[in-house]
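Asker: Its first residue numbered 1, the sequence shown is counted upward by one per residue in UniProt numbering.
In case anyone wonders, no lab produced these hints; they're calculated from the structure.
Certain hints may be false.
20 Å max Cα-Cα, derived EDC-like pairs, lysine to aspartate or glutamate [said to hold, decoys possible]: (1) Lys7 with Asp41; (2) Lys54 with Glu26; (3) Lys7 with Glu26; (4) Lys54 with Asp41; (5) Lys151 with Asp176; (6) Lys151 with Glu134; (7) Lys152 with Asp205; (8) Lys152 with Glu201; (9) Lys152 with Glu210; (10) Lys151 with Asp199; (11) Lys7 with Asp199; (12) Lys7 with Glu37; (13) Lys54 with Asp44; (14) Lys152 with Asp176; (15) Lys151 with Glu210; (16) Lys54 with Asp6; (17) Lys54 with Glu37; (18) Lys152 with Glu169.
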Amino acid sequence: MNRKRDKTRRITQLPNLLTEPRTVAELATYFGCQHQEIQRDLRDLRSHGLDIQKSQGRPPLYHCLPQEKTAQTAPVRAVITHAMLRLLHHHAPTPSRIYHQALTELADQLPERLRSVSSLALTAPSGDTPRVLETIAAAWCWGQPVRFLYKKPNTPAPTWNTLHILFMEISRSNHDWYIIGRRPNDSSTRTFLLSRMLDAERLTDQTSPEQFYDPRQDLDGAWGIIGGVERCRIELRFHPDVHDWIADRQWPGQRASHRDEAGYYHLILEAPLHRNGVPVEILTWIRGWAHNVDVVSPPWLRARWLAEAQTLLERSRSGP
Numbered sequence: 001m002n003r004k005r006d007k008t009r010r011i012t013q014l015p016n017l018l019t020e021p022r023t024v025a026e027l028a029t030y031f032g033c034q035h036q037e038i039q040r041d042l043r044d045l046r047s048h049g050l051d052i053q054k055s056q057g058r059p060p061l062y063h064c065l066p067q068e069k070t071a072q073t074a075p076v077r078a079v080i081t082h083a084m085l086r087l088l089h090h091h092a093p094t095p096s097r098i099y100h101q102a103l104t105e106l107a108d109q110l111p112e113r114l115r116s117v118s119s120l121a122l123t124a125p126s127g128d129t130p131r132v133l134e135t136i137a138a139a140w141c142w143g144q145p146v147r148f149l150y151k152k153p154n155t156p157a158p159t160w161n162t163l164h165i166l167f168m169e170i171s172r173s174n175h176d177w178y179i180i181g182r183r184p185n186d187s188s189t190r191t192f193l194l195s196r197m198l199d200a201e202r203l204t205d206q207t208s209p210e211q212f213y214d215p216r217q218d219l220d221g222a223w224g225i226i227g228g229v230e231r232c233r234i235e236l237r238f239h240p241d242v243h244d245w246i247a248d249r250q251w252p253g254q255r256a257s258h259r260d261e262a263g264y265y266h267l268i269l270e271a272p273l274h275r276n277g278v279p280v281e282i283l284t285w286i287r288g289w290a291h292n293v294d295v296v297s298p299p300w301l302r303a304r305w306l307a308e309a310q311t312l313l314e315r316s317r318s319g320p
């Protein structure tokens with residue numbers, strides 16, 4: 001029964017793994033099985049119509065050609081995917097030719113009336129895909145721990161860390177990659193910013209353990225990438241001048257809203273706390289509204305916000 005279950009798992013996962021060229025040895029190591037079992041799996045997949053290519057080199061590489069998917073059958077999906085890739089291509093601080101390549105390939109699948117304008121909108125890629133991103137992505141896909149050199153803010157020197165990767169996420173605030181994982185022998189979840197990783201290597205002789213992780217627990221309601229169980233309830237009051245910019249959308253963690261008789265817009269939401277006990281990501285957003293917002297509650301956050309405003313005023317009075 002276990003062998004049958006293992007074969008089912010391999011047959012299910014192989015098509016996704018073979019979107020990149022792999023050797024039989026790599027696949028056998030990933031699944032913890034014999035080379036002959038992988039070769040039988042590949043034959044079975046071919047017999048069921050999967051287009052698996054085999055290179056001429058030694059050792060041969062196996063690659064699964066994706067089935068054609070046309071945008072004409074799903075225009076909404078094509079347009080949404082196109083928009084997401086453009087967002088990464090133009091705004092992500094981590095440069096990558098892969099974003100540009102994916103956009104080019106997707107443009108070929110768009111209807112003719114979209115294809116021409118999409119091609120015109122493409123700009124030259126801003127840089128090569130960072131090796132660290134390639135290493136981290138491979139470690140996550142192959143279920144291997146990764147060792148990386150990380151530079152924390154306001155620390156004198158970078159330090160080496162080892163991580164079992166659970167998830168990779170693009171932050172909604174800065175569009176950069178964040179890596180979520182657990183250190184060996186540590187059940188707590190950690191988050192690392194890719195652009196602060198100076199070097200990285202996969203520990204190819206090790207395998208990350210199977211660990212349950214529900215990204216929604218950390219990321220739902222997060223303003224950027226910080227999430228978790230610890231949250232606070234915040235009430236903000238916005239000046240009538242900015243009502244239309246605030247009231248026309250649902251904000252992360254929003255619980256209630258109303259407009260008072262004076263025209264001020266009240267927004268009540270829950271925000272996750274950083275490990276220092278401060279909702280740092282939403283606080284950054286609050287600062288951006290300057291004099292157009294007032295922190296009503298909780299009292300400790302209002303006091304912090306007022307203290308920052310007072311500090312800014314004192315610095316401006318003292319001159320540049």
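Asker: Which constraints among the numbered hints does this structure fail? Numbers only, ascending.
Answerer: Of the numbered hints, 7, 9, 11, 15 and 16 do not hold.
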